[in-house]
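Chemist: Residues per chain, in single letters:
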Amino acid sequence: MSPDGIRSSHSSTPGSGAPGSGSQVEVDVLAAMRKPGALYWFLLLVCGSLFMVGMALWAYQMTRGMGVAGITHPVGWGVYITNFVFWVGIAHSGTLISAVLFLFRAGFRRSFNRSAEAMTVFAVMTAGLFPLIHLGRSWYFFWLFPYPTQRLLWTNFKSPLMWDVFAVSTYFTVSAVFFFIGMVPDLAIVKRFSSGVRKWFYSALSLGWKGSQVQWKHYNQLYMFLASFATPLVVSVHSVVSWDFAMSIVPGWHTTIFAPYFVAGAIFSGTAMVITLVVPMRRILKLERYITIDHFESIAKILLFTSLIVTYAYIVEYGLAFYSGSVYEIGIFKYRTFGHYRFYYYGMLLFNALVPMTLFVRSLRRNLPYLFILSILVNIGMYLERFVIIVSSLAKEYSPYAWGTYKPTMVEVGITLGSFGFFFTMFLLFTKLLPVLSVTEIKEESH
Amino acid sequence: MSERFVFERKEEFLEKLREIVRSGVPEKRITVLSPYPVHEVDEILPSAPSGVRVFALLGAVAGLVTGFVFTIYTVKVWPLISGGKPLVSIPAFLIIAFELAILFGSLLSFIGFLHFSRLPDVNRIVSSEEFENMFEIRIEAEER
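Chains as they are written, first to last, in the numbering used here: chain A, 1 to 447; chain B, 1 to 144.
Calculated directly from the structure, the hints in this document are not laboratory data. Treat the hints loosely; a few may be bogus.
In silico SDA-like cross-links for lysine to any residue, where the CA-CA straight-line distance does not exceed 25 angstroms [to be verified]: (1) B:K85 with A:H254; (2) B:K85 with B:T74; (3) A:K432 with A:T276; (4) A:K443 with B:V75; (5) A:K443 with B:K85; (6) B:K85 with A:N156.
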């Protein structure tokens, strides 16, 4: 190489160096994709087995019927629907970090966006399983989609459940495209570092990206548009999920605050899940140089902010019930506070409203073990929140003769754990098969 | 004869690019490859705004229209009152139309991107050429 930096001119041979040559960022990030160690295989085995157990239980439920699940009159929506809402919620912060923070030009998103986008795609996949599991006769799931039939009968577009079909499938498609397109230049880098079958695989996945000025121009434009489409989408999806409840007249569900309340809660729980995933990932894959404590502090502030919104919504809910003048509405909130499910309710208040307040302290925002534990508590709290909203409202509706309580059976618990197994299996596969940080964006920023 | 310049540093690459443009080489013949988008290149080699935006608009409008036409058509073709609501319930159908606007808009933008940037590029996929961590200027040979 000549001293003026020009490596070759007037030549037509490809100017590639030895395979594996690359900048420090490339080497560091792609090192994470090397052959995994024993810990990785162990985790994969645990998560994969959990998933398999969940699948087996689903098969059991399909052969024996819905009686094996605890959902019955009056609580027809139990942990399956709780799981659905929980996983859709987890998905939300992925889009927030990749799309909304992109539009706001927040630099720290670079450390989290790839894992958050992956998390979004996997969480929506997990969420999508639950309506099918809940159906009982899961093989009739296609009845949910509007398709021309011999009977000329169409689906009911006035039903919030139909809106959900459209919202969640749109969300899955758009976040998958967003996840993929953000990765295309990085996949071309991975191609350079790999050999054999892997090279072919990544070459095809990268679509033959070469990084010409024309490609970058259209790429940037597309990225901007996808971010702009995803931002209203993310707000709409959890609003639609909340309307599954709020459009009904069930006391405890029928409130106008549900849409913003659910959206904030979704971003809150999703941000917690990002922290849960990225803290160990950063440590195990040795990415400390790229994901810094400052970045974690920024994301902890999002957690704190959304926690405050959620806390506010908890208070407003009581206000709405109090001023409604409806005995049923007031009754359900008394039941929530003092009834069968009160400990879940107190847990949700503790984990979602009180404990995150500690993030006002700067040193705690910058303490990774603390953040990790807090994020798990928040996830538990948010799960409890969905459970309390869904189950406690149904358990004590109008007529005392129709009251009842609900307890999940082992099948439901097993399928729930299986969904966690599926999600973490997918994430583990992601960390080894795809670049976990956006190499291109890190390079762009460091110049 | 086609020429090829490869640089490790962005500043040198930009300097050379400016020099080439100043020396009167037509912009059509210049191809620039870079490991990440370089905004200065857009200033040196000005080009029309990306056509992806047209695709985005068309997709979004198509989705919105499809959403309304489809929902209204289905309630008209089998008029079954449900939930005591009017057959054509615009607020409810707006949600379907909104989601389809986003879905079609995103997908069509993606297709537009593939179209304009000539992807997937099969020749490139099978070739041994790599997406290097280098800045490269290629000048194509003049047509004779």
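Chemist: Are the hints correct? Go through all of them and say.
Modeler: Here is what the structure says about each hint:
1. B:K85 with A:H254: 18 angstroms, holds
2. B:K85 with B:T74: 15 angstroms, holds
3. A:K432 with A:T276: Status holds; Cα separation ~18 angstroms.
4. A:K443 with B:V75: 53 angstroms, violated
5. A:K443 with B:K85: Distance ~56 angstroms between K443 (chain A) and K85 (chain B) Cα, so the pair is violated.
6. B:K85 with A:N156: Within the cut-off at roughly 11 angstroms; holds.
The earlier numbered hints that this structure contradicts are 4 and 5.
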